[in-house]
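Participant: Those protein sequence lines, which keep their order, are chains A and B.
If you read the first sequence in numbering that gives the first Met the number 0, its first letter stands for residue 0, the second for the next number, and so on.
If you read the second sequence in numbering that gives the first Met the number 0, its first letter stands for residue 0, the second for the next number, and so on.
For the record, the hints were derived by calculation from the structure and aren't laboratory data.
Careful, some of the hints might be misleading.
[What the hints assert, rightly or not] With a Cα cut of at most 27 Å, we get these calculated DSS-like pairs of lysine-lysine: (1) B:Lys15 with A:Lys4; (2) A:Lys4 with B:Lys146; (3) B:Lys18 with A:Lys3; (4) B:Lys15 with A:Lys3; (5) B:Lys111 with A:Lys53; (6) B:Lys149 with A:Lys28; (7) A:Lys61 with A:Lys136; (8) A:Lys4 with B:Lys80; (9) A:Lys4 with B:Lys218; (10) B:Lys169 with B:Lys227; (11) A:Lys6 with B:Lys111; (12) B:Lys225 with A:Lys3; (13) A:Lys99 with B:Lys169; (14) A:Lys4 with A:Lys53; (15) B:Lys152 with B:Lys80; (16) B:Lys111 with A:Lys3; (17) A:Lys6 with B:Lys80; (18) A:Lys117 with B:Lys80; (19) B:Lys18 with B:Lys169; (20) A:Lys6 with B:Lys146; (21) B:Lys152 with A:Lys4; (22) B:Lys227 with B:Lys149; (23) A:Lys6 with B:Lys82; (24) A:Lys61 with B:Lys227; (25) A:Lys52 with B:Lys225; (26) B:Lys152 with A:Lys6; (27) B:Lys152 with A:Lys99; (28) A:Lys108 with A:Lys52; (29) B:Lys218 with B:Lys111; (30) B:Lys152 with A:Lys3; (31) B:Lys80 with B:Lys225; (32) B:Lys218 with B:Lys15.
The structure presented is a predicted model; accordingly, all values stated were derived computationally and were not measured.
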Amino acid sequence: MYGKKVKLRILFISLLLVSVALSIYLILKSLEENVVYFLSPTEIRNLVEIENKKIRVGGMVKNNSIIIDSENVNFIITDFKNEINVNYSGPVPNLFEEGKGVVAEGFLKDQSFLIAEKILAKHDENYMPPEVAESLKDK
Amino acid sequence: MFKIFEPNKIFLINSKTSKYILFLFITVLTIGLVEALFLSPEDYIQSHSVRIMYVHVPSAWISLGIFSLIALLSIVSFIFKNKNFSIIAKSLAPSGFVFNIIALVTGSIWGKPTWGTWWAWDARITSMLILLLFYAMYILAWRIFDKNEKVIKITSVIAILGVINVPIIKFSVDWWSTLHQDSSVNILSESTIHSSMLVPLLLMTAAFSLFSLLIFLMKYNTELIKIKNKGLDRL
C-alpha cells in the first residue's frame with residue numbers, strides 16, 4: 000500500500016537506529032568501568048592490583064562507625080558483604096550520616112583502606128514527610 | 000490520515016485556544032506552586048531542599064518527552080515526506096531545550112546541599128548533558144541549513160540519532176552505579192515517593208506541560224506566518 004520509496008526510507012531509518020544503538024551499546028559495554036561513578040567495597044576487594052589513581056568508593060556508612068577526632072573523620076563504607084575503612088579530613092556534606100549512602104573519592108592505601116579527598120552524600124529514592132518516616136520506624 | 004495536521008486547520012484551532020490554555024496554565028501553576036512551596040511536607044532527610052524536586056523532575060520529564068516527540072515526528076516526516084510534521088517538531092524544540100537547561104541547573108543547585116557537589120560526571124547527569132547538546136544541534140541545524148529538502152533530512156537524522164540517548168538517560172540509574180538516585184515515580188512498580196509529595200509533583204508537571212504547549216503554539220504560529228509570507232511551497 001505504500002510506495003517503494005516509502006518502504007526504502009522505513010528500511011533506512013530502521014537500519015540507522017539498529018546500527019547506531021548497537022554501536023553505542025558496544026561502546027558503553029567496553030567502557031563500563033569508566034561509566035560507573037563508583038565501585039563497591041566488594042569490587043575493590045576483587046581488584047587485581049591497586050593503582051595509584053584516584054578512585055571512588057560507594058556504599059552505606061556502617062552504623063556506629065563514624066569516629067571524629069580533632070582533624071579526621073574515620074568511617075566504614077559497607078555494601079553488606081565487604082567493608083572498607085575511610086580516612087578523611089575536611090567538611091562533610093549535610094546528608095552524611097550513619098546508615099545512609101555515601102561516595103568517597105580518594106586514593107587506596109590497600110584493599111581495605113581509602114584516604115579520601117572528597118566525600119559526597121548519596122541519597123536514595125525515598126521521599127516522605129518526617130511523621131511518616133517516624134511511624135515506619137516504630138513498626 | 001494526516002489531514003487533521005494540515006497547517007491552516009491547526010492555525011484555526013490555535014488562535015482560539017491559546018487564551019484558554021494560558022488561563023489553564025496560570026491556574027494549574029498557581030495551585031501547583033502553593034502545593035509545592037507551602038502545603039507539601041518537608042522531607043525526612045532533606046527537609047526543605049526537597050522542594051527543588053518540584054521544578055527539577057518535571058523539567059527533566061518534559062525535556063525527555065519533547066525530545067521523544069520530536070524524534071517520532073521526525074521519523075514520520077522522514078518516511079512519509081510530510082513537511083508539516085517537521086515544522087511541528089521544529090516548533091517543539093525551544094521549550095524542550097529550555098526545560099533541559101532548567102533540569103540541569105536546578106539539579107546542580109539541589110546537588111550542592113544534598114550530595115555536597117555542584118556537578119558529578121555520573122551516567123545520568125552526563126547523558127542529560129548529551130541530550131542538551133542534541134537539542135542545541137537540532138535547533139542550530141534548522142538555522143544553518145536553509146535548503147528545504149536538506150534541512151528536513153539533517154534535522155530528522157539528528158533527532159533520530161539523539162533519541163537513542165533517551166532510554167540511556169531513563170535507565171542510566173539502573174544500569175550503572177550513579178550518584179544520582181534511582182527513579183521514585185514508577186509506573187510498573189510501587190512509587191517510593193509519599194502521596195503528599197506526588198501531588199505537587201504531578202501538578203507542576205501538568206503546569207510545565209501546558210507552558211510547553213503554549214510556547215509550541217506561539218512558535219508554530221510564527222513558523223506558519225513565515226511560510227505564508229514566503230509562499231506556500233517554501234517551508
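Participant: Let me make sure I understand: some of the numbered hints might not hold for this structure. Which ones are they, in numerical order?
Facilitator: Violated hints (numbers, rising): 1, 3, 4, 6, 9, 10, 11, 12, 14, 16, 18, 19, 24, 25, 27, 29; every other hint is consistent with the structure.
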